[in-house]
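So you can see what is in the structure, the chains are spelled out below.
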Amino acid sequence: MEVGERTIPLAKSVARNTLLARVRSYLAPIPLMGWLFGALVAVVLEQTVGLPLALVEQTVGLPLALALGLTGIPGLFGLRIMLTRPALIPSAAAYVLLVYALPTLVVARLSAPLANRLARKLLDRFPLMVSLMVHLALFYATVHLWGGISAYRILFLRFIFISIILTLSLNLVNGYMGEFSCSHPGFMALGAYGASVLTVLLFVNDDVFGAPLLPPALGPFLFPLALIGGGLLAALGALVVAIPSFRTRGDYLAIISLAFMFIVKSVIENLEIIGGPRGFMNQPKWADLPTVFAWTAVCVWTIYNFTRSTIGKAMCAVRDDETAAAAMTINTRRTKMATFLFAAFWAGVAGGLFAHVIGYINPGTFGVYKLSEVLAMVYLGGLNSVVGSIAGALGIQVLIEVLRPLELWKWIAIPVLLIVLMIRRPTGLFAFTEVNIKDLLQPRQTLRRSSVQVPGEER
Amino acid sequence: MPLLQVRNMTHFFGGLRAVHNYDLEIELGQVRGLIGPNGAGKTTIFNLITGIYQPTEGEVVFNGQNLVGLQPYQIAAMGVCRTFQTLRLWRHMTVLDHVKLAHYSKIHYGLLGAFFGTGQRYREEAEIEEMAYNLLEMVGIRRVAEQVVINLPYGVQRRVEMARALASEPQLLLLDEPTAGMNPEEMVEMMNVIRQIRDELGLAIFLIEHRMKVVMDLCDTIQTLDFGEVIAEGTPEEIRSNPRVIDAYLGKEGIA
Chain W
1225 MEVGERTIPL AKSVARNTLL ARVRSYLAPI PLMGWLFGAL VAVVLEQTVG
1275 LPLALVEQTV GLPLALALGL TGIPGLFGLR IMLTRPALIP SAAAYVLLVY
1325 ALPTLVVARL SAPLANRLAR KLLDRFPLMV SLMVHLALFY ATVHLWGGIS
1375 AYRILFLRFI FISIILTLSL NLVNGYMGEF SCSHPGFMAL GAYGASVLTV
1425 LLFVNDDVFG APLLPPALGP FLFPLALIGG GLLAALGALV VAIPSFRTRG
1475 DYLAIISLAF MFIVKSVIEN LEIIGGPRGF MNQPKWADLP TVFAWTAVCV
1525 WTIYNFTRST IGKAMCAVRD DETAAAAMTI NTRRTKMATF LFAAFWAGVA
1575 GGLFAHVIGY INPGTFGVYK LSEVLAMVYL GGLNSVVGSI AGALGIQVLI
1625 EVLRPLELWK WIAIPVLLIV LMIRRPTGLF AFTEVNIKDL LQPRQTLRRS
1675 SVQVPGEER
Chain X
22 MPLLQVRNMT HFFGGLRAVH NYDLEIELGQ VRGLIGPNGA GKTTIFNLIT
72 GIYQPTEGEV VFNGQNLVGL QPYQIAAMGV CRTFQTLRLW RHMTVLDHVK
122 LAHYSKIHYG LLGAFFGTGQ RYREEAEIEE MAYNLLEMVG IRRVAEQVVI
172 NLPYGVQRRV EMARALASEP QLLLLDEPTA GMNPEEMVEM MNVIRQIRDE
222 LGLAIFLIEH RMKVVMDLCD TIQTLDFGEV IAEGTPEEIR SNPRVIDAYL
272 GKEGIA
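Read top to bottom, the protein sequences are chains W and X.
In this text, residue positions in the first sequence follow the numbering used here: the first is 1225, and each later residue adds one.
In this text, residue positions in the second sequence follow the numbering used here: the first is 22, and each later residue adds one.
It should be emphasised that the hints constitute simulated quantities derived from the structure, not laboratory data.
In this text, a Cβ means the ideal position worked out from N, Cα and C, and glycines have one as well.
Please note that the accuracy of each hint is not assured.
[What the hints assert, rightly or not] Only some residues are given here: those of chain W computed to face chain X with a beta carbon under 10 Å:
1. R1349
2. W1370
3. L1495
4. I1498
5. R1502
6. G1503
7. I1535
8. D1545
9. A1548
10. A1551
11. N1555
12. F1566
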């Protein structure tokens, strides 16, 4: 009897394991490029190629959505209607399955041999950079087409990318360097106001700043310089925080950086020339999707490089044992300063992009609320992980959108979810996980099942 | 001129005199020992030489340069490296990373290279990695190179610390109780590693140790410290039979 009782769950788990193994072995030969092909086809399917946006009613996506009983193309995989109109959940799920999941899977599996050969050729014949660029281009094409359906999606995507920059740069300080910094909204504000003042002063006819100093046509080309200017201003602010707080370790940075955030906010509120508490407007909306995406790609690339170099790993050594780090020739003060300023620079760039997405900023945006949002993203995703930060930024941003119908209750629901997550997974989703870009872009083995490797599971 | 010369070094912690008129000369290829009861000031002397503390009086001259006033990382980069009494490894990092990081002062690609991944960066990283693997081979822990140190047994962690110290290419190696907490087999292995380092790399080694077997077997000369002052100095045989040492440190029964 006992044997019988035991064998049933065992058989079940074996069955589940073999099913899982079969799914895995079915998906194993698909390289990243194959998945990108699949996703691209899926979004093309949603918005038939070549049709201008104005004719969006005639695309495949919309009639299907209507046939399924939806009122339009689901903005965010149907996640947003989950709370407002729960009756539509099956329709939304069917839509996601038919339009995204199935085509992606089929195309990815079918194109796997081709994608594998291509990935192999790219890696063998060209530097890693070329292969990376091709993958990024495919990814961007997918994102662009997916976003092209509605202004809402484009805005949502840009906020996600900006959050990724913020989260990743904060992870450098709070994760890799093991300090606790609270001044990221302050750096973001410095970057946002710095870049805005530059663009408005130089390229916009404004009530306060007067006629543009340079021809506005040059604006979009010089916009990156304005963003870098904002980033440098933020780095300068970081220097002010760093000089007193990095003499020792401990809680000093947390306190000084928190004070810094409030100081920045009140200084801006009291500067009438940049609008004071009413905010600052008239920024040209130059931060379109490709611009934001490009900056995010550069940010992820430089931070990824930094965290994998020996110079960058010095910050982890400082975190784990500063005395030992100094005894091993590491200039600990320089390491801490460089990391902190670098992180602040990217927070500033994120702020500059944010200002030029909305075309309006006010000091209230860069307060404790923003801080808790960014911290939640960092700790949800997991410390010391580039993938983690990307996942964290994405997760929180999606959560905010999904729970928007709850209005005020959203700010109870999100913390509760975070607390549950912290109990189940105290270190966050992907803490201390490194994904090697080269491994990610590798073609997958086709025949041998022993070498099946799931991306991101190296450690 | 000796490699390291310490003259009249005195250090106070507030009103407490931890080290008094300490002198030391050490040459390349020598192994010198420092023994003494707990609290005698042995580790303080290491901390004074490596710049963690600044001596109240006296001078520390290494290769003709005065070390007093320099930061620990500068002293380490000049070729004075140390291990710690309690393990001070970087607990989230791999063995290979430990050894690579000790090359920090010799990296030239700078922050821009780190951010943008220039060709120079990949060349330098590859060089460092090769040197690191060679060193791990020598210390006998190459097969755990990819492991995170926290998962390794204690004896291996000690070797990681040794490999890390050697990777900074020191001329003078300070070992603070290298066999502390080891079982007898691990101790014998560690002694072989130390001999191998002396013979193959020709370093000067200065070590603190409580185990008499280690000190007596390895060291050319030994200093005995009590309450911050050197009470005896000489070869292992002289120390063994010195009555002041026996009184202060080894106890009335003498040593086995």
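Status of the hints after comparison with the structure:
1. R1349: violated, 18 Å
2. W1370: Nearest chain X Cβ about 30 Å off; hint violated.
3. L1495: violated, 32 Å
4. I1498: violated, 31 Å
5. R1502: violated, 38 Å
6. G1503: violated, 33 Å
7. I1535: holds, 4 Å
8. D1545: holds, 5 Å
9. A1548: holds, 4 Å
10. A1551: It holds, given that the least Cβ distance between A1551(W) and chain X is near 6 Å, below 10 Å.
11. N1555: holds, 5 Å
12. F1566: holds, 8 Å
The structure is inconsistent with the numbered hints 1, 2, 3, 4, 5, 6, although it conforms to all the rest.
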